[in-house]
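K.L.:
Residues per chain are reported as follows:
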Amino acid sequence: MIELYSLLIFMIIGAIIAIEAKDLISSVVAVGTVGLGLSITFLVLKAPDIAITQLVVEILCLIVLIRATIKEDLSFSTSGRWAFSTLITAGFIAVFLFVACKCLKELPEFGYPTMRVASTYLKEGLTETGATNLVSSVALDYRAYDTLGEVTVLFTAVIGVLAIVRQVGRKKS
Amino acid sequence: MIKEDEKGMSLIVKTITRLTAGLILLYGIYIVFHGHVSHGGGFAGGVMIALSFIHLMLAYGKEVVFRKLSKAAALFFVTLGAILFLGIALLGFAKGHFLLNFISKGEPFKLFSAGIIPYCNIAIGLIVGAGFFVIFVALVSLKFEKEQKE
Amino acid sequence: MIVYLLCLVLFCTGLYCVLRKRNIIKIIIGIMISEYAVNLFFILTAYRLEGRSPIFSPDADITNMVDPLPQALVHITIMIGLATIMVLVAIAMRIYEKYGTFDITKIRELRG
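Chains as they are written, first to last, in the working numbering: chain A, 1 to 173; chain B, 1 to 150; chain C, 1 to 112.
Calculated from the structure, these hints are not laboratory results. Even glycine gets a Cβ: it sits at the ideal position worked out from N, Cα and C. Any given hint could turn out to be false.
[As the list claims (entries may be wrong)] Within a straight-line C-alpha distance of at most 30 Å, the following computed DSBU-like cross-link-like pairs (lysine-lysine) qualify: (1) Lys62(B) x Lys14(B); (2) Lys106(C) x Lys22(A); (3) Lys71(B) x Lys98(C); (4) Lys22(A) x Lys123(A); (5) Lys106(C) x Lys21(C); (6) Lys46(A) x Lys105(A); (7) Lys21(C) x Lys22(A); (8) Lys105(A) x Lys22(A); (9) Lys71(B) x Lys14(B); (10) Lys98(C) x Lys62(B); (11) Lys98(C) x Lys22(A); (12) Lys14(B) x Lys68(B); (13) Lys21(C) x Lys98(C).
[As the list claims (entries may be wrong)] Beyond 10 Å from chain B on every Cβ pair, some chain A residues (computed): (14) Ile17; (15) Ile52; (16) Ile93; (17) Ala144; (18) Leu148.
[Claimed, not checked] Distance ranges between label pairs, derived from CB positions: (19) Arg143(A) x Gly22(B): 40 to 46 Å; (20) Asn64(C) x Ser85(A): 23 to 29 Å; (21) Lys106(C) x Leu80(B): 41 to 47 Å; (22) Tyr27(B) x Arg94(C): 32 to 38 Å; (23) Gly100(C) x Ile16(A): 29 to 35 Å.
The shape of chain A in the complex, shown without the other chains (with noise of 0.2 Å):
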């Protein structure tokens, strides 16, 4: 578990450096090395799936933001107050971590899951479906409806991407 942990603990400071560096640049690709660090985790955790899947998205994701981000950069202005907005935000994350000291000794142990739907699918998945890769016939087959709605999420932000760009009667102003 020693790899786990050390994963963990660097990309809690790859989100720190993120969110303190004056740069756009440099918060940018902190960003691209907790999405890494994150691919890496997953396949510790025995999911090569999701971590193929995750390390394309995270290269699709810089190129989009470094793309954006390539002249704009960041005037660095703080105005007063705002060491009591600090204190009120800081509050709030203490009592949410507090509060679910207490709720995480409800879920099972780590390492010992309750697989009481999945015990089917892993039983029976291979001679219902025929597919030899499990998490794609769940994907696809038991829970195809959520396949459905996540094209119909997909279709929408292309869309909706179409619409917020276009340049078509703008000419007026």
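Given the structure of chain A, go ahead and fit chains B and C onto it with the hints provided.
P.N.:
Below, chains B and C alone, put in the same frame as chain A:
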């Protein structure tokens, strides 16, 4: 190729891109097709197909890529993938309920097994690949408009 | 239990960035970090000690696999997160084109 030397990136990047862009596209298609036998599936393979075209666009500029895959053709592939996925889902009505796995399941570890799962993977790969390519072209053309106005 | 707590600390880091920063790109980065933490939390509940990944292989007989149900759900959620980030970046670029800055305290006009 002389007057296209001003756009895009330097000569080293262009040479390496000429070697690797086709391999990335082929690997993405392989991961889409073998989604039910090995790791991967429609989503990861679709993003890889989109990344190969974005790789070409970053190295060579917009005009070279639009000769291979124009914006109208990419939008056509997005809608074709969506109609294909819905069509496969509606065909399940013939034997029972919506989204029924009605094609016969062959033996495991072969390419044409597992019912509707390979065809669903191909449809999802088309939607995801062409969709993210269209999104990236739209974002880049907004950027170019802004640079010409300043 | 410590593993779950570290995952929630990562989520709180992203939440702090969304609440306290005044640059739109930093807010988008905070949303990305929170989304990574939530995906990691789901995969952490699905791990089984001495488990194997849920793929059959033609020569070995595998009995102890990790839970495949949260992995399928997270597979779908990663793509939805990517679509959300794309729409956010498009809105941010539009705001820069109209107001000339990324600072959210200077964007105060509501006319269209």
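K.L.:
Confirm or reject each hint.
P.N.:
Here is how each hint holds up against the structure:
1. The suggested pairing of Lys62(B) with Lys14(B) holds, with an alpha-carbon distance near 14 Å, which does not exceed 30 Å.
2. Using a Cα cut-off of 30 Å, the hinted pair Lys106(C) and Lys22(A) holds, with the two alpha carbons roughly 19 Å apart.
3. For the hint pairing Lys71(B) with Lys98(C), the CA-to-CA distance comes to about 26 Å; that is within 30 Å, so the pair holds.
4. With a C-alpha separation of about 53 Å, the suggested pairing of Lys22(A) with Lys123(A) is violated against the 30 Å cut-off.
5. This hinted pair checks out: Lys106(C) and Lys21(C) have alpha carbons roughly 13 Å apart, not beyond 30 Å.
6. Simply put, Lys46(A) and Lys105(A) have alpha-carbon atoms about 24 Å apart, close enough for the 30 Å limit, and the pair holds.
7. At roughly 11 Å between alpha-carbon atoms, Lys21(C) and Lys22(A) fall within 30 Å of each other, so this suggested pair holds.
8. In summary, the hint linking Lys105(A) to Lys22(A) is not supported, as the alpha carbons are separated by about 39 Å, beyond the 30 Å threshold.
9. Our distance criterion of 30 Å between C-alpha atoms is met by Lys71(B) and Lys14(B), whose separation comes to about 23 Å.
10. Between the alpha carbons of Lys98(C) and Lys62(B) the distance comes to roughly 25 Å, so the proposed pair stays at or under 30 Å and holds.
11. Proposed proximity of Lys98(C) and Lys22(A) is supported: the alpha carbons are some 24 Å apart, at most 30 Å.
12. Annotation: proposed proximity of Lys14(B) to Lys68(B) holds, straight-line Cα distance about 17 Å (limit 30 Å).
13. Distance hint between Lys21(C) and Lys98(C) is fulfilled; the C-alpha atoms sit about 21 Å from each other, no more than 30 Å.
14. Distance check for Ile17(A) against chain B: the nearest CB is about 26 Å away, which clears 10 Å, and the non-interface claim stands.
15. The claim that Ile52(A) lies off the interface is violated: its Cβ sits roughly 5 Å from the closest Cβ of chain B, which falls inside the 10 Å cut-off.
16. Against chain B, the non-interface label of Ile93(A) holds: every CB pair exceeds 10 Å, the least being about 33 Å.
17. Taking the minimum C-beta to C-beta distance to chain B, about 5 Å, the non-interface status of Ala144(A) is violated against the 10 Å cut.
18. Interface exclusion of Leu148(A) from chain B breaks down, the closest Cβ pair being 7 Å apart, not more than 10 Å.
19. Range check, Arg143(A) to Gly22(B): about 35 Å between beta-carbon atoms, so the 40 to 46 Å window is missed.
20. A hinted range of 23 to 29 Å for the beta carbons of Asn64(C) and Ser85(A) is inconsistent with their spacing of about 50 Å.
21. At about 44 Å, the CB distance of Lys106(C) to Leu80(B) agrees with the hint of 41 to 47 Å.
22. A hinted range of 32 to 38 Å holds for the C-beta pair Tyr27(B) and Arg94(C), which are about 35 Å apart.
23. In this structure the hint that Gly100(C) and Ile16(A) lie 29 to 35 Å apart at CB holds, the actual value being about 30 Å.
Hints 4, 8, 15, 17, 18, 19 and 20 from the list above are not met by this structure, while the remaining hints are.
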